[in-house]
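S.K.: Build out the structure end to end from the sequences listed, making use of the hints.
Numbering (the UniProt record's numbering), first residue to last: 1 to 230.
Hint data in this document are derived by calculation from the structure and do not stem from the laboratory. Heads up, the beta-carbon is just placed ideally off N, CA and C, and yes, glycines get one too. Be aware that one or more of the hints could be misleading.
As the list claims (entries may be wrong) - Pairwise CB distance ranges (calculated):
| # | residue 1 | residue 2 | range |
| --- | --- | --- | --- |
| 1 | SER6 | ASP93 | 32 to 42 Å |
| 2 | ASP103 | PHE149 | 14 to 24 Å |
| 3 | LYS157 | LYS54 | 35 to 45 Å |
| 4 | LEU7 | ARG48 | 15 to 25 Å |
| 5 | GLU165 | ARG48 | 29 to 39 Å |
| 6 | ARG153 | LYS54 | 30 to 40 Å |
| 7 | ARG39 | PRO145 | 23 to 33 Å |
| 8 | SER16 | PRO76 | 17 to 27 Å |
Stated by the list, open to error - Listed next, the in silico BS3-like pairs over lysine-lysine satisfying Cα-Cα at most 27 Å (straight line):
| # | residue 1 | residue 2 |
| --- | --- | --- |
| 9 | LYS143 | LYS54 |
| 10 | LYS88 | LYS143 |
| 11 | LYS128 | LYS88 |
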Amino acid sequence: MANNESLVALNGTQISYIGHDCKEIPEFLGETYGQFARRLDLSFNQLRSLAGLKMFTELEELIVDNNLLGNDLQLPRLPNLHTLTLNKNHLTDIEALLEHLADVTPSLEYLSLLGNEACPNQLVSPDKDEDDYQRYRYFVLYKLPQLKFLDTRKVTKREVMEAQERGAFMKVVKPKPEAARQVQASAESCWLFLSPLTGRRSGQRHGLSYRIISCVGVMLKSVFRCDGVI
Numbered sequence: 001m002a003n004n005e006s007l008v009a010l011n012g013t014q015i016s017y018i019g020h021d022c023k024e025i026p027e028f029l030g031e032t033y034g035q036f037a038r039r040l041d042l043s044f045n046q047l048r049s050l051a052g053l054k055m056f057t058e059l060e061e062l063i064v065d066n067n068l069l070g071n072d073l074q075l076p077r078l079p080n081l082h083t084l085t086l087n088k089n090h091l092t093d094i095e096a097l098l099e100h101l102a103d104v105t106p107s108l109e110y111l112s113l114l115g116n117e118a119c120p121n122q123l124v125s126p127d128k129d130e131d132d133y134q135r136y137r138y139f140v141l142y143k144l145p146q147l148k149f150l151d152t153r154k155v156t157k158r159e160v161m162e163a164q165e166r167g168a169f170m171k172v173v174k175p176k177p178e179a180a181r182q183v184q185a186s187a188e189s190c191w192l193f194l195s196p197l198t199g200r201r202s203g204q205r206h207g208l209s210y211r212i213i214s215c216v217g218v219m220l221k222s223v224f225r226c227d228g229v230i
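M.R.: This is how it looks when you write it as structure tokens:
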């Protein structure tokens, strides 16, 4: 992209380069503003990489909403960055993203991931519910315990405590429709196992507890994928 500083909105140490369809951060931005920029807004472009951020050594706030950033996202180390918004991108791997942010943004306090598949928010993912979103919050806070604000909500003390105790097990994915049908079939089978009529008909009660436990285990594996639990 041509060196066109007329497209840049400058307000003190705040730099905005919004809606110019760039696929990467233009070199001239880093060369011209990198050493003094504290806030950088690159929203509404077509960014697939943030490699050009290496010149922004003093950055404190980064807004890259409405771009095309995916799971290969790599940030340079930004020791002063306290605010990062990545709303409406193509992020799906929440664990990889959080581990990367923990390494390169040690001062991060505000993070927003709304509009990504990695963030199960009801407003943008109708198939998700509040329980899904709360599990997501616990998992994020387990990985990034210093956060004070996540998405649209302030982090509470109770959330931090819950995240410390249970956050490691909160990476949960809801079942696809086919998995849901399998769960229903498993549930029906369980009711058959539990029916006293079934016991009388077969004349067998030995091993019933084992079959019930096995059935419940199948259902749980169909419903959840909890890393470190199942």
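S.K.: A separate judgement is required for each hint: does it hold in the structure or not?
M.R.: A quick look at each hint next to the structure:
Range check, SER6 to ASP93: Cβ separation about 38 Å, and the 32 to 42 Å hint holds. As the Cβ distance of ASP103 to PHE149 is approximately 21 Å, the hint placing it in 14 to 24 Å holds. A hinted range of 35 to 45 Å holds for the C-beta pair LYS157 and LYS54, which are about 36 Å apart. LEU7 and ARG48 have their C-beta atoms about 19 Å apart, which keeps the hinted 15 to 25 Å range intact.
In this structure, GLU165 and ARG48 meet the distance hint of 29 to 39 Å, their C-beta atoms being roughly 38 Å apart. Checked against the hint of 30 to 40 Å, the pair ARG153 and LYS54 passes, with Cβ atoms roughly 32 Å apart. A hinted range of 23 to 33 Å for the beta carbons of ARG39 and PRO145 is consistent with their spacing of about 25 Å. In this structure, SER16 and PRO76 meet the distance hint of 17 to 27 Å, their C-beta atoms being roughly 20 Å apart.
Between LYS143 and LYS54 the CA atoms are separated by roughly 24 Å; this keeps the pair inside 27 Å, and the hint holds. For the hint pairing LYS88 with LYS143, the CA-to-CA distance comes to about 21 Å; that is within 27 Å, so the pair holds. Of the supplied pair hints, the one linking LYS128 and LYS88 holds, its CA atoms being roughly 17 Å apart against a limit of 27 Å.
Comparing the model with each earlier hint shows no violations; every hint is respected.
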